[in-house]
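A.B. asks: What follows is the residue order along each chain.
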Amino acid sequence: MNAIPIELIHIVIAIALVAGFVGLNGLVLVWVERKVAGHVQRRPGPYEVGPNGLLQPLADAAKLVGKQLFTPDGSDKLVFWLAPIVSFLPVMPMFLPMPFSPFLTAMEVNVGLVLILAFAGLNILALCLAGWGSNNKYGLLGAGRAVAQGVAYEIPLLLSVLAVCFMTGSLSLTEIVAAQGNWPWQWNWIYQPIAFILYFTCGVAETNRAPFDLPEAESELVAGFHTEYSGMGFGLFFLAEYAEMIVVCGVATALFLGGWKGPGAAGAWWFLLKLYVLLVIMIWFRWTYPRTRFDQLLNLCWKWLLPLSILNLLVTALVIKL
Amino acid sequence: MNALKSFWKNIASLWSLIVGLQVTGKAFCGPQVTVHYPRQTVGPEGLEGFRGHMELVPSVKDPAIPKCISCMMCATSCPSKCLTVVKQKEPKPTEEQLKAMAEAEARGEKVKKLSAPKNPAQFIYDFSLCSFCNTCVENCPVGSIRFTTNVYFATTNKADLQMNLVERLAKQAASGKTVPGEKPKKAAKTETAQSEA
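Line by line, the protein sequences are chains A and Y. First residue of the first sequence: 2, per the numbering used here; consecutive thereafter. First residue of the second sequence: 6, per the numbering used here; consecutive thereafter.
One or more of the hints may lead you astray.
What the hints assert, rightly or not - Listed next, the stretches of chain A that the computed footprint assigns to chain Y, with coverage defined by at least 3 CB atoms under 8 Å from CB atoms of chain Y:
# : region
1 : 249-257
2 : 287-299
To be verified - Straight-line Cα separation of at most 27 Å, DSSO-like style, residue types lysine-lysine; simulated pairs:
# : chain 1 : residue 1 : chain 2 : residue 2
3 : A       : K304      : Y       : K31
4 : Y       : K10       : A       : K36
5 : A       : K304      : Y       : K92
6 : Y       : K176      : Y       : K92
Because the hints were derived from the structure by calculation, they are not lab data. Just so you know, these numbers come straight off a predicted model, no measurement behind them. Every residue gets a Cβ at the ideal spot worked out from N, C-alpha and C, and that includes glycine.
Here chain A stands alone, though its shape is the one from the complex (with noise of 0.2 Å):
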């Protein structure tokens, strides 16, 4: 009766997991960000469905659930529909080794920060595949962005996240969160202020949230990358939108804020609390700023974040020296 290691049973558990809480949070996001939109213009947002417009996103998810799934002329079929799974799918892994807690942590990987960024990374093509399948100048015209930001904004992303890894000679998760103390002036973004920011940048921009949501600016594209995606074709890009703005809160968490260490007792609701100020803090963002031209878009990476996350890694890499 050995057929079956350990292992998998566990990692098949944890991605059960992981995919119900992605799509729990999933759900709860579009309540939060639907509020957040509403009370900053002043008006309630959802309030119809469900106590305070609770089980709006259960209504909505049903909603596009029950549509048709539309296939437009001359699209290449396989890629289309390869798009959006492309798109979800490397989301599971991205949560195996992020690090709710020292015993809520789905698979221990001493290159758990490497696992994460390389799956990010599978989003841009998923993005790239959805814009040339679907047969449609503005899928084209946003997924063309999609992969000219998304490269660009992955670099100082990557060097951001270097110095505080270079700190702690880790790309281990869990042990960077274990480098950091209970209190607040004890985590990395004391340290690594620059780091902090830039990343926090990076990440809006990876995810595609406004301001920098040019890939489906819906002023100008339509809807970008996914205007011919229909029912859960759409649903699934979106939730893996979601999904990726908690894997990028989720790891700016863990390496600047603490993780799971908090004053009092330490436990994964530290690491949830911290998770969920930043991605309210993200959507706040998206109903503040207005969308930056491409062109700003692409100077701010290159001429500044850039530039400055080799300087701050430079910095960082000789005071460690010293």
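Let chain A serve as the given structure and place chain Y on it in line with the hints.
C.D. replies: Chain Y alone, transformed into the frame defined by chain A:
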């Protein structure tokens, strides 16, 4: 030196991002300005200045009769041609009056004909043509026409858009729903509008 200056300028301008967050943050915490429609409705103070369909202003003496003097200023000035004012005819003189008139004529006096009442017989307003331009209100010399604040008007029948405003006013007076309180204010408003024009 210039490059360094612009560098610092760029860094300093990051503050504007914080200002933006403050603005939306304040709006987030502040009170809401919309209402949950079926359960709540907008109060009269929220409807001030709303241009619903036109209505006639009742006269001071009789709330069933409009102030209107059938001068046709509104109908002639209306760019959408949505107003039709029908004047009243002079009433037929009774036997006695005819007699009196004949006698007066015989005496060589100037006979005064019976004059028609000034208020209109009919005042037809085509809501489907109206462009809510306020021109009729500005041109009315007696301040007899105004906008309602009826935001809930809806119909599936095009005939409902042809309104007989005189009838409407009479019905309102019969049910005691006329709102004569706004008259002086409205009149003052039209005067200022005219002086501006």
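A.B. asks: Could you run down the list of hints and mark each one as holding or not?
C.D. replies: Structure-based check of each hint:
Check on the region 249-257 of chain A: 0 of its residues sit with their Cβ under 8 Å from a Cβ of chain Y, so the three-residue criterion for coverage is violated. Given a C-beta distance limit of less than 8 Å, the hint that chain Y covers the region 287-299 of chain A holds, as 3 residues qualify and 3 suffice. Under the criterion of a C-alpha separation no larger than 27 Å, the hint pairing K304 of chain A with K31 of chain Y is inconsistent with the structure, at around 33 Å. Taking the CA atoms of K10 of chain Y and K36 of chain A, the gap is near 41 Å; set against the 27 Å cutoff, the hint is violated.
Taking the CA atoms of K304 of chain A and K92 of chain Y, the gap is near 77 Å; set against the 27 Å cutoff, the hint is violated. Between the alpha carbons of K176 of chain Y and K92 of chain Y the distance comes to roughly 20 Å, so the proposed pair stays at or under 27 Å and holds.
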